[in-house]
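Okay, here's what each chain looks like letter by letter:
Protein chains: 2
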Amino acid sequence: MLTLTLKHRTQLKSPNTEEEREEEVILERPYRIYLNEEPVGSSMVLPTGLEEFGVGFLFAQGYFDNPTVFKEVRLCHEKGSIFVYADVEKIEGKDLIVTSGCGGTGKISREFLEKEFSPLAEWRMKLSEVREFILKVLKKSDLGLRTHCVHACGYWENGRLSLFYEDVGRHNAVDKVVGAILMGKASPKGAIYTTGRLTSDMVLKCARVGIPIVMSRTATSSLGLEIAKKAGITLICYARPERINIFNAPERIINDLV
Amino acid sequence: MLTLTLKHRTQLKSPNTEEEREEEVILERPYRIYLNEEPVGSSMVLPTGLEEFGVGFLFAQGYFDNPTVFKEVRLCHEKGSIFVYADVEKIEGKDLIVTSGCGGTGKISREFLEKEFSPLAEWRMKLSEVREFILKVLKKSDLGLRTHCVHACGYWENGRLSLFYEDVGRHNAVDKVVGAILMGKASPKGAIYTTGRLTSDMVLKCARVGIPIVMSRTATSSLGLEIAKKAGITLICYARPERINIFNAPERIINDLV
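Taken in sequence, the protein lines are chains A and B.
In case it helps, our numbering puts the first sequence at residues 4 to 261.
In case it helps, our numbering puts the second sequence at residues 4 to 261.
Think of the hints as simulated: they come from the structure by calculation, not from any bench.
Owing to the predicted nature of the structure, the values given are computational and were not obtained by experimental measurement.
Everything hinted at is true.
Listed next, the stretches of chain A that the computed footprint assigns to chain B, with coverage defined by at least 3 CB atoms under 8 Å from CB atoms of chain B:
1) 25-38
2) 143-155
3) 191-205
4) 246-257
Every residue gets a Cβ at the ideal spot worked out from N, C-alpha and C, and that includes glycine.
Modelling step: build the complete structure from the supplied sequences, incorporating the hints.
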């Protein structure tokens, strides 16, 4: 079992006090991602859910668009390598935009900003489920509470929390969820919740994988909102157990708590 | 004057209420960065301090290491382009690591993780200055308060706040400060304060430009701490006006408030 944090002695200083303290620091480790044995990039990650991360990372960066092409993923922890195998012929340098994101895959292919999105899965979510979803994710985010350096991402389908991942980067955490969907561990007919901000690339990968409800504890940006509108995504910001703020397509949220 | 936010009508939903609300959403715009007329990358940014950003971005990504090579920067807002001119002969593809960062330049060259750092400028900071510095940055962070989608970065030298930038990405905000130093708008003999987390690449660029005191409102990661130790940087986390938590080299902070 890999230790995900390290202890570090710090010095707490205020005008009248000076004391030693022990802080817990999150592990950040570089991993190189290979597609069909060819290296395509490296990322700093929290080493959990690495298989899902590898798949989600390549999808987010546009190396494949169709989930059916995904075949297999293997890890080599010693060398810090993630090997993804997919049925793609050519591995091309993409016209990538480094995004404003807090995460490993803070890059999006320019082509996806212009592309049409496939229709989203048809389902509606009850406000009581939204509340339960948020509470479950926050309850599980123990590492985040201890280190203040981790983003959590949860996935809700069929009335339960089906996926939960954490990472130093908000993108990486979402990539792990998206990768899990691409690997068949969950269906796109659900809702995703992230503790990170919904900038353009965050919303874009959710739209591309077909998630109809995208939620964040915090804000969105102009381009994040634009992509949600174009894809018809229900975009929820400042999501709290007691109230949510719906930025687009509110009709998917049914108030069963009146 | 470019508008940096847009207004958006949202629906606030709680069990017993459903009301319309107007939220302010931050502008996120793609800019392409050119080095000597050659495109080297694109980034989603908040379009302020773009000249500094272009220079800081290229430096962070390892396109140049020596600040004296920098010559000129020009902008084209219509096309979303930043043209940086520097005295570098070859523009090479770098062995970049996409980092866990919340920002445009979430990439670092692998070579910098192994490199020795130049000695840091010799200076110490009073605890009263630390307090004033934090208060001044927080007071200026109006856009962040309004949109919840912006990171601020300030720079302190000669007893005053000399630089202040904001961006959707925490990296971008730091890149703007680092770029300003490289452009001669400030000297490295100072302290930097960011509202974002101090992951590896954040600390690395501060170390490379030679800033001796690096502060954050929030946490650091294992690799961020490692780089600070190697470079001899005074690393301060959870920095608040009333108290700071020093993770490395506390001797640079003098308590004049006892």
